[in-house]
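Asks: So the sequence lines, in the order shown, correspond to chains E and Z.
For any residue, its number in my numbering is found by taking its place in the first sequence, counting from 1, and adding 601.
For any residue, its number in my numbering is found by taking its place in the second sequence, counting from 1, and adding 601.
Hints in this document: simulated from the structure, not taken from any laboratory.
Quick caveat, the model's predicted, so the values are computed rather than measured.
Check the hints yourself; a few may be wrong.
It does not matter which identical chain is meant; a pair holds if it fits inside one copy or across any two.
[Stated by the list, open to error] Listed next, the in silico DSSO-like pairs over lysine-lysine satisfying Cα-Cα at most 27 angstroms (straight line): (1) Lys926 - Lys682; (2) Lys930 - Lys716; (3) Lys846 - Lys862; (4) Lys930 - Lys689; (5) Lys838 - Lys953; (6) Lys610 - Lys702; (7) Lys626 - Lys930; (8) Lys846 - Lys836; (9) Lys646 - Lys953; (10) Lys953 - Lys702; (11) Lys953 - Lys716; (12) Lys702 - Lys862; (13) Lys716 - Lys926; (14) Lys646 - Lys930; (15) Lys930 - Lys682; (16) Lys646 - Lys855.
Number of protein chains: 2
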Amino acid sequence: MKKTVTNLKGVYAGGISAGIKANGKKDLAYLFIPGCYGSAGVFTKSAFIAPPLIVTQGALGQGTVKALIANSGNANAATGKTGLRDAKETARLAASLLGIKPREVAVASTGIIGKFLPMDTVRAGLRTLLRNPLKRDGTRAAQAIMTTDLTRKEVFVTGSVGGQRVSVGGFAKGSGMIAPNMATMLGFLVTDAKVDSTTLRSLLRRAVDDSFNMTSVDTDTSTNDMVLVFSTGAKGKRVASAQAKREFLALLTKACQHLAKLIAADGEGATKLIEVHVSGARSQREARMIAKNVINSPLVKTAMHGADPNWGRVLAAAGKDPAAKVDPKRVDLTFAGAPVMRRGQVVPHDRKRIRRLMSVREVPVRLHLNLGDGSAVAWGCDLTHGYVDINVSYN
Amino acid sequence: MKKTVTNLKGVYAGGISAGIKANGKKDLAYLFIPGCYGSAGVFTKSAFIAPPLIVTQGALGQGTVKALIANSGNANAATGKTGLRDAKETARLAASLLGIKPREVAVASTGIIGKFLPMDTVRAGLRTLLRNPLKRDGTRAAQAIMTTDLTRKEVFVTGSVGGQRVSVGGFAKGSGMIAPNMATMLGFLVTDAKVDSTTLRSLLRRAVDDSFNMTSVDTDTSTNDMVLVFSTGAKGKRVASAQAKREFLALLTKACQHLAKLIAADGEGATKLIEVHVSGARSQREARMIAKNVINSPLVKTAMHGADPNWGRVLAAAGKDPAAKVDPKRVDLTFAGAPVMRRGQVVPHDRKRIRRLMSVREVPVRLHLNLGDGSAVAWGCDLTHGYVDINVSYN
């Protein structure tokens, strides 16, 4: 069986159907780390930040957070003062049921925007959910935060950090790939490495920049997006040296990228994952911009749906922002490993063969700019009838 | 009958099927203003600027341009040195047939990217097209630049400028609404007002910023986008005073907006035009950014397709860029004239009635931010199965 977050010592989680969703699916999850050593979060930059995020930011600002309550089916967004009161009450009730302080509880919501949380349902649900809070049901928690997601998204990676074997486990949700909004992106990670909150905060920002923030231009801008990371501190030696931090960052980034790819592959209506590698840019910043412009182009996304090595669309998307330099005469481009352009010239290629290579679930597109050392990877999905169907009727 | 560009004195135009398009439709157009007084252009900012644009920029830089040759069916983009040679030869041959200098001819191309122009076809086509270059077939010219466009796009407006009645006529093409590329945006305008090239240049930039550049975030970035304006100078008094310039700018902007709306309404697969008005922003710049973010949100576009007054999606899109301020507590929002939000609070509304109001060909969305005096309008279309179909198979 695949490992999940509750395979980490001292980490408890679970999920139930509380009745927030009309369809009876799981909709209320918790994560509980009684002996939590450090915690940190990264949040949406949207002006319309939702009340649960305000509560969670407040909690993280006051010390280490030990528990998370997350619901799906209702985003508690654009709900004003009532929404804030409801988010606070959720944290308070969960705290009393867990025997911890309200400011030690983070809350997260995802689902429909602009409706108040059904608090009677939430209260009753919390009492059921936390009756025995020492469950090891990480997978049920992962299920309970899904909305339009078709697949559950879990990760568990292990590596060497500061000479110790440590792990990072976690789960995530998100499937609105182009401009998430109803389909919030949430990510929750736990490590048994001993990392303090300050270090977690700076490393999480960097890990998120190279993972969740590269799945779509807009993933960092939904009203409810958040990624949290917790340290149990179970492995005794603190991650303090520069090298240990680098090693931990690499492991955390790996975990985040795994979840980010699962999210991209599960984009609404998606039939395939597209992985855009940009290298040779003038800077990493420009490489990111270009990779995102390519992954977000609806014309590239539809071409990918048709397994079409449409280099014209990729180049047009790559070159569209004058702030990120692309020299048409220096570009190398491959689809699914097959070269179609070298130094700006079309390479003779067997179109049918490349179409076959592209007719798979994961298609890498590599763009080398021959201008510098900047590189970045972005993940996305194709654009299909399914996307239109889901979003026309989602209400 | 509706007026077209050739209703202006001294303006000649026509269009034929030269055989560049495989389907036998019109694909070669000309515009000829033998006594042209002034000319100017605005061009794509894409790094992958196509050869015809380089030739046209060069011509405009050397003096007044008197003629335009435009073809559809082939963009002559990403064609390198061969493409540049072909564009130059097109201008040279047209010049010799018209009895003017090569540097007095602008060229424009739209259609598939990455294939060389079929020059034998182009040469033979030009000879037919320009056999009698004093035709008054503005409408045929408008037809001959269409690609995936379903409708012809022409404009003719008249107004008072510096105490004289003057007109602006023109035509345009473009239908790939989200991220044009194969579907280049072209606009050609002619006025009988006497406006010199320098003035035309600065006013055209401003008119385009408030029209074509507001139809989609990406219209200004396709490899082949260009808008040209010509002055016949037929109306004797030169547009020189600040007031006359303002008046002319208003008329030119009106003409450009008319064409821009036709382009937005004819977006690939579109069933309706969406007009997003943002007012009360801190600045015009921020109003533009916000209007574009709303009009470009795939979630807003799909909601519009479903006649869904989904204010959550509009707000999420409006608030997504921290650089453009939105205060959630101050926002007023209407769909098709019906208020759904006032000062950030949802207004009780009859959802079914609003859905009926939105089930029309043109839907205005008004967002008032109550922060300042900045305002902007952006035009776009809904996102449908049709868009996916067109772009999966377009190759």
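Asks: Let me make sure I understand: some of the numbered hints might not hold for this structure. Which ones are they, in numerical order?
Replies: 5, 7, 9, 10, 12
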